[in-house]
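There are 4 protein chains.
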Amino acid sequence: MSNTYQLNPVGWMSQLSQLEVNQLATSASAEHYRVFRNCCLAVLNSGVEQDDSEALFEQYKDFDVNLVRRERGVKMELVNPPQVAFVDGKLIAGVHEHLFAVLRDMLYMSSKHQMYTELGTSPNNNEQDGALITHMVFDMLRHANALSSSEPSNLIVCWGGHSIRIDEYKYTKEVGYELGLRGFNICTGCGPGAMKGPMKGAAIGHAKQRNKSGRYVGISEPSIIAAEPPNAIVNELIIMPDIEKRLEAFVRASHGIVIFPGGVGTAEELLYLLGLLMHEKNADQNIPLILTGPEDKKEYFEAIDAFIAATLGPKAQQKYQIIVGDAPGVANALKAAKQSVLEHRQNNGDSFNFNWRLHIPEDFQRPFDPTHESMAKLNLHLDQDPGSLAANLRKCFSGIVAGNVKAEGVRQIQKQGPFELSGDPVLMKKMDALLQSFVAQGRMKLPGSEYRPCYRVKV
Amino acid sequence: MSNTYQLNPVGWMSQLSQLEVNQLATSASAEHYRVFRNCCLAVLNSGVEQDDSEALFEQYKDFDVNLVRRERGVKMELVNPPQVAFVDGKLIAGVHEHLFAVLRDMLYMSSKHQMYTELGTSPNNNEQDGALITHMVFDMLRHANALSSSEPSNLIVCWGGHSIRIDEYKYTKEVGYELGLRGFNICTGCGPGAMKGPMKGAAIGHAKQRNKSGRYVGISEPSIIAAEPPNAIVNELIIMPDIEKRLEAFVRASHGIVIFPGGVGTAEELLYLLGLLMHEKNADQNIPLILTGPEDKKEYFEAIDAFIAATLGPKAQQKYQIIVGDAPGVANALKAAKQSVLEHRQNNGDSFNFNWRLHIPEDFQRPFDPTHESMAKLNLHLDQDPGSLAANLRKCFSGIVAGNVKAEGVRQIQKQGPFELSGDPVLMKKMDALLQSFVAQGRMKLPGSEYRPCYRVKV
Amino acid sequence: MSNTYQLNPVGWMSQLSQLEVNQLATSASAEHYRVFRNCCLAVLNSGVEQDDSEALFEQYKDFDVNLVRRERGVKMELVNPPQVAFVDGKLIAGVHEHLFAVLRDMLYMSSKHQMYTELGTSPNNNEQDGALITHMVFDMLRHANALSSSEPSNLIVCWGGHSIRIDEYKYTKEVGYELGLRGFNICTGCGPGAMKGPMKGAAIGHAKQRNKSGRYVGISEPSIIAAEPPNAIVNELIIMPDIEKRLEAFVRASHGIVIFPGGVGTAEELLYLLGLLMHEKNADQNIPLILTGPEDKKEYFEAIDAFIAATLGPKAQQKYQIIVGDAPGVANALKAAKQSVLEHRQNNGDSFNFNWRLHIPEDFQRPFDPTHESMAKLNLHLDQDPGSLAANLRKCFSGIVAGNVKAEGVRQIQKQGPFELSGDPVLMKKMDALLQSFVAQGRMKLPGSEYRPCYRVKV
Amino acid sequence: MSNTYQLNPVGWMSQLSQLEVNQLATSASAEHYRVFRNCCLAVLNSGVEQDDSEALFEQYKDFDVNLVRRERGVKMELVNPPQVAFVDGKLIAGVHEHLFAVLRDMLYMSSKHQMYTELGTSPNNNEQDGALITHMVFDMLRHANALSSSEPSNLIVCWGGHSIRIDEYKYTKEVGYELGLRGFNICTGCGPGAMKGPMKGAAIGHAKQRNKSGRYVGISEPSIIAAEPPNAIVNELIIMPDIEKRLEAFVRASHGIVIFPGGVGTAEELLYLLGLLMHEKNADQNIPLILTGPEDKKEYFEAIDAFIAATLGPKAQQKYQIIVGDAPGVANALKAAKQSVLEHRQNNGDSFNFNWRLHIPEDFQRPFDPTHESMAKLNLHLDQDPGSLAANLRKCFSGIVAGNVKAEGVRQIQKQGPFELSGDPVLMKKMDALLQSFVAQGRMKLPGSEYRPCYRVKV
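Chains as they are written, first to last, in this note's numbering: chain G, 215 to 673; chain B, 215 to 673; chain U, 215 to 673; chain V, 215 to 673.
Since the hints were made in silico from the structure, they are not lab data.
Be aware that a few hints might be false.
The list treats identical chains as interchangeable, and a pair is accepted whether it falls inside one copy or across any two copies.
[Stated by the list, open to error] Straight-line C-alpha distance at most 25 Å; calculated BS3-like pairs for lysine-lysine: (1) 529 <-> 643; (2) 659 <-> 459; (3) 659 <-> 512; (4) 326 <-> 459; (5) 643 <-> 672.
Make the full structure from the sequences, and use the hints.
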C-alpha cells in the first residue's frame, strides 16, 4: 500500500489559469517527466549528504509524483516520499516551497518558454537567440521572485567544491559569517560543501545583526540536483535548464563572486567568468572576483593561478584577487567594492539586480552537450584567442563534471569508457597535472567512494 | 517650453526584460498609442469630476507621455502633465501606481496576449477562443496582483450610475460603510457616483475596524476611463481591453454583487449577469445579487423589476433580491451568504479569488462593436430564449452607453445621428419607457449639460 | 434583563501583573469610577454628534461597566451598552481599543502616578512638581505608544471649534487633505467639527499617497469626552487627567500647530501657547503656528489678532502667521518649516517626538479649578506682564468652556448662575465683544439648542 | 588615548523621561555600577567561550561605560570596548540590543523596583513580599517585551551544563532542531554548552520551516553573565537580579522544560523545580519536564534519578520523564503535551505567557546568600518534609555554583577555603558521590583548567 500526500501550491504556482494547468499536464514528455520526478526526489532529500544519485534513486524506487488538476489550479501528489522530509506527518515548509519551485522551473517555465521559442526565433538569427536566452534567464529569476530585493548590490555568489575538507568547509563558514555581518546575501549552487558553508555562516551573521530577511539563493540544474540536493539553509531555489543558463544566472544576478577550493566544476566556473571578463565589450564591467581558502591552501591557488597564466595570460590574472586565510579580509574587499558596483549600475542605467550590460558571447550561452565525440573534438590548442580558449576549456571541464556526477554523463562513461581529450601537448600536460591534483585532493567525489577518472588525457 | 517628469516603474513593470521593453516600445500602433496617452491623462485627473472626455482632452492638448528605455527597464516621461496630480512637484504615489497600471494593462499585457492569440487560436475553434479570453482576464487580474488576497470571499462588486443624486450617493456610502465594518472589500467601475460612494464608505468602516489592508479595486476600460477617471480611493486599478472582458472580470472576481440606481450602463450590467445566471450550466452558481437604493427609490426598482419580469420572466427575478432603504440589511445579507459562497468554491475545488466554474457563453464574451449597422440589426424580439434576449438587450444598452460617453460612440453619433433601435413593439415600448425614465432622472450624464439622446426607438 | 459583553484587554492593558490588577480594582473611588463609566459611555458613542452629555447619559441610565479580574489580567464587562458600537453583535475594533485606552489612562495610569506623587513630591518643592507633571504627561503618551513614531517631525496639532459651520468644516478637511498628501499626521482634541475635519481630510491624503500608517491622535480629558466623543477616524486615543496636562501633551508632542475658527476653547488654546512662547526661556523655540480659515473668515482672524495686539502686544503677534483661504498654503508653510523643526531638535539633543526643552511655567501646569470664586478672583488687568496676563486670560476662557460643556461646570452654573468676570474696563470690553461674537457666530454649542451664556462680564 | 563609541538607545530605553534619566544616573552606587560595567563587558564578549571572568576582566582593564544624558534620553558611551563586537567600526546590532537590555534590567528596572519596595512592603508582611517579587519578575519580562508572543504555549526552557562534551553538545543541537521544526521557541540561561546548542539547532529548524520569528530567550543574572556571556543566537536578553528571580522567570515563562546533562547548576534547577511541583498548591500544575541526553548518558540520568528517589522520594520521580538518545522523541513528547498545557491555562483563566497560578513558597523566592556561615548552617537532614529538603538542597547546590564561577563566591573561597557541608551521613555520602561524579565528568568548569572543589563534605 502506498502513502500519498497532497500539497497545495505556493508562490507563483498558486495562481495558474486553467489553460496553464492544461499545458503543464500535457506538455511534459515521459523523459522530461522522469527528470522532474527525480528532482522532486532530490529536493525531498534536502540536507541528506550523498552525491551518488543512483544510490539515492535506488532507495526510493516506488516514489512518484502526480499533478492533480482542480478548477482552481494544480496540486502535487507525492507517492511514498522519503519520511526525512516530514515532521509529525507534515511536510517541512521549506521543502514544500522547493517542490513547487521545481514544478515552476521544470514544467511551467519550460512550457512557457517553448512558446517564446516557437514564436520568436528563426534558426539563422543568432543575435536574437542570445537575447531570447537572456530573457529566459531573467524571466526564470523573476518568477522565482529573486529580482525584487529592496536592498541592492548585496548578493555574493560563492563557488567551490561540493566535496571539500573540514578545514576548508570551516573557512567557507567563516567567510559567510563575515559576509553576513556586513549585510551580504549568499547565492551558491545549492549543494553541500562550499555551497553550504557560506550560507550557514551568513545565517549566523544575519542573526547577530538582527537581519531577518537574509537570502540564501540556490541555483541548480536538473542534471545535478540529485547529486547536490539543496542544503537546509537555501530559502530561494531556482532550477535552470542547463549549466550554461545556470552560469548566466549566477553572473548576471551577482554583485561579487567568491571562489573557494573545488574541483572541475569550480574550474569550469572560473574559466567561464574569465572568458566573459576578457571580452572587449566587457572591458568596463565591475565584478569583484576573489579566490580564497584557508592559509594552508596557498599552493592550491598558486597552481590555479599558474594554470591561468599559462593558458589565458596575465590579462586574465588581473581580473581576480587571491586572498588566503583572511575571512574578514574577503568580506572587507567586497564591502569596499560595493559602492562602485552600485554606481556602475546607476551610471549605465542598468538594473541593480540583473547585470544586463554584461556581454555573454553565444559560444558561452549555447548548451554544450558532452559526448565522447564532442569532447574529442574540442579545440584545446594554445593558438587561439584567449576568449575562445576559455570557452573550450570551460566546455572541457563541464564535460568532466558530467562524467563525474551527472546521470547522463555517468551513463555514457559506464557504456563507452572515459572521454578522450587531446590537443596541444603543453596544454594537455598542464591540464593533466591540474586534474590529477584534484583527484589527489579528493575533490572529484564525496569521501566514501574511490574516484575512477571519467577522462583520459592524450598527451 | 515644456515641463517633463520622469517616473520610475513600480509593481510588475519594474521588472521587465529588454525583450519585453522592446516589444512595449514597438508594438503600439499610432492609434493604440493615442488611446494609451488619453488613459494616462485620465488617470492624472483622478478625482476630478467631469464626464466630458472631449473637454478634458481639450485642456491638455500639449500633454504627452513617452516611454524611455534603459538597460534596466522602462521609465515613463510625462510632458506637460496636469498639475493637480502633483504635490510640491512630486507625483502623488497613488497616481504614480495607476499610471504604471495603465502601461501594464494597455501595452504590456496587450502585447503579451497578442502572442497568445497568434499561437493559440484558430478562427474556427470557438471553444478554444472562450478559454483564451478567460485566461486573458485571469492573467490581467493576476499581473495586477488582484488574486492573491489572503482573506477570501470578501470582494463585493458595486455597480450603479456615475451620475446619481446626492441622496443616492450618500446611500451608496452608507452601504459601503456597513460592508467595510463587516470586512468586505469593494470593487467598482472606478469612476464617480455609485462607483466612488461605496469605496469612501468602506474606507471609514475599515478604519474603524483597524483594517489597514482594505482593497478598493477599480476595473475600467480604455474607452471609458476618460469619462469616468479613477476616484481618489481606488488602490488597485485594472484596465480591461473592452466592456465584455471588464464584465467577465467583475463577475469572476466577485463574491457578491450590489446594484445601485444607475442608467443604461447599470442596466447593461444587470442584463449581462442575469443572462449568465439563467444559463443551465450555471444553475448551481452561488452569486448573491442585491438591488438597493434609498427608501424613496422604491419605484425605480419596481420599474426595473417589472421590465425584467416582462422580458426575461420570473426565473430571472429569482436571481436577485431588492432591498430599499436598509444599508445594514444589504451588508447583513451578504455576510449571511458569505459562508455558503466559500463552501461552494471549496466543494467544487474552485478558486476563492476567481470563479472558474461560472460558464460564460461566447455571445457574452465576444466584443460587441456598436455601430449604426450593428445596433439596427439587433434582434430585439420576445420570441427567443431568455438567454439570447438578455444577450441582445445587453448589447443594446452597451451601444447606448457608447453613444453617451465613449469617444468612438460619441463621434459616430455626432456624424450620423442617433442609433435606430427596432423590434417587437411591446418590447420597444417598454424599453423606450425605461430609457426615458433614465433621461428624466438625469442618469445619462453628469449634471451641467443637457442630455441629447443617442438613440431613437422605432416603435 | 441586561445584556453583557466581556472584552479581552488590548495594548498595554493586556499585560498586567496581579498586583496592578488589584490596584486597578481597588484604587478608584466611587466618584472616580462614575467618571470612568461616563467616559466609557462616551467612547461607545464614538461618531454620534451631540455635545449635550446630560442627554447622552440620560439615554443610557442602565449602562454600566465592570472590571472582571482573572489570573491573567483584567477584562471589561459592558452592561447594556449602546448598540451603535456593535456590528453583528461584535464590538467595533476601534471602539474596543478606545475603551481600553480609557481604562489605561483613567484607572491604571492614575493609580501609577498616585504612587509617584506620594514618593516624589514634597508640597513645597515646586520645581520638582513641574518635573513630575511633565514626567506624567510623557509617561501617559509613552504608554499610549504615541512616542515611537519612526518618521519624526510630522505631527500637526489642529485646534478649532467643535461647533463650526459647514464651509469652515470643509476647509478643515481641505487643510487636512493637503497635510496628509505631504505626509503629516494629525492630532486634535478628538471631537467633532475642527477636531474631525482635518483627520478626515488627512485620511484621504494618506490613502492617495499609499501611506497606511497614518496617525489620527485624539487627546481628550474626562470632563469633556462626553461632550466631544472621539470621532470615527481617531486611531490613538489618550485621555489626560485635566485640561492643563492635555494642553501640555498637545504642545510637547506637536511639530506644528494649526488653529481653525472656534470659540472659547480655541481662544484658551491660543492664549496658552502664546503665554509659553513669550516666556524668555522659550525664546529659541521653533513651533510653527498658523491661524487659518476659509477666505470669508478674514474678519474673524482680524478680530482675534486685534484682541491679541491689544492684550499681549505685538511680540505675541510675531509668534503666529495668519493664512486665509489657502489650504495648500498652510500645508506648504508647515512643510517648509519641518526641516528646521527637526534640526532644532537635533541641535539641542531633544527628542523628535516630545519637546522636552519647551519651558512651561508652573502657573500653566497647575490645574485651574473654575468656580464662582476662582473666576471672580482672576486678575484681568492690563498692568501685568504679558505672560501672567496670558495665563489669567487662559484660565478665564477655560472656566467658560467648563461652564458651557463640562459636567461639573454646567452643574455649578445651573445652581449658582453665571460666573462673574471683572477687571480692567478696557480689557473687559474687548473680552465681552469677543465672547459675544462667538455667541453670535454659534461657536459656543452645537446647533439645535439656544446658547445661554455661563458668564457675565462686569464692565 | 582611548577609543570611545556612543550608542543610541533602543527598545524601551529609547523612551525615557528626564526624571527617569536622572534616577538612572544617580541611583547606582559605586559597587552597583561596577557590576553593571562588568555585565556590559561580558555582553561585548558575546560568543567568546571562556568561563573565567577574572581572566576576561583582566584583558579589558581600561574598558569603561558611561551614561551620557541628553534632553531626549540617555546614550551609552563605551570606552575601549573589545573589538570583537565591532564590524567595520560599527557595533553588531545584536550586541547593541543586549547592552541596552543590561542597562534596562540592571539600572532602570532596579531603580524602578526600589521605589515599589519602599512603598509596598512592610518587613513583617511576607505574603505581600512574595507578590511583590512575582510582580517584579513579571515586570522585568514585560519590559523586555518577552510576554507578548502571539503564538502561545511554545516556549521551552532548556537547562544543562555550560561545560559539556561534544557528543552531549551535538545532542542538545538535535533536540533544539526537532523543537524548532515543531514551532517551539527556546529559553536558556544564555551561555555556552547546553545553553547554546538547543538555540543553534532550533535556528536551523525554524529556518527550514520558514519561521522568521524564532525566539532565543536568554535569562541571566549579573553574577554569572561574565562567566557565561550570551551566545550569538540569543535575541532576547534578560538579566534578573539574582538566581531566585531568574529561576522564577524560567518556570513562570515556560511551557515545558528540558534538562540536559550538567553539573551543580543543573542540579540546583532540577531541585528547585521539584520542590515547587511537590507543593500541594501545585498539585494540578501541568509543566512537562523531560531529562534527556545521548544514548550513552543513561547512567548519568540513573544516578540523578536514584539521588532524587533517595532524597525526595518516588512522588518527586513522577514529576519528570527520562528519555535517552531520542531527540525527536523529546520534541514529540512536548508537542503532545502542548495542547493540554494550553487548555490548563485557559480553564484556569491564566495567562498563556506567564504561569501566575504556580505557587512559589517564600523559601524559594527569597535570595539565598551563600557564605561559609550560611552554607554550614544548611539543614541537610532527611527528617524534614521533601519540600523543605528540596529547598535546602537547592541552596546547597546554589552555593557551590557561586563558589565555582560567581565572582563574589570565588573571592570568598580564595580567602576562606572551601565551604563546609554537613548533615545526615547517608545524605552526605550520596551528595558527595554525586558531586564527585560531576568533577570526574568535567562538568564543573570549562576544559583548560583543573577543577579545585569549593566545598568539603563532612561525612
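The hints, checked one at a time:
For a Cα distance limit of 25 Å, the shortest separation of residue 529 from residue 643 inside one copy, 22 Å, qualifies, whereas the shortest one across copies, 78 Å, does not. Only within a single protomer do residue 659 and residue 459 lie at most 25 Å apart by alpha-carbon distance; the minimum there is 24 Å, versus 54 Å between protomers. Taking the closest pair of Cα atoms, residue 659 and residue 512 come within 25 Å of each other only inside a single copy of the chain (22 Å); across copies the shortest separation is 38 Å, beyond that limit. Proximity of residue 326 and residue 459 under a CA criterion of 25 Å is satisfied in both settings, with 16 Å inside one chain copy and 23 Å between copies.
Taking identical chains as interchangeable, the C-alpha atoms of residue 643 and residue 672 lie at most 25 Å apart only when both belong to the same chain, with a minimum of 9 Å there against 78 Å between chains.
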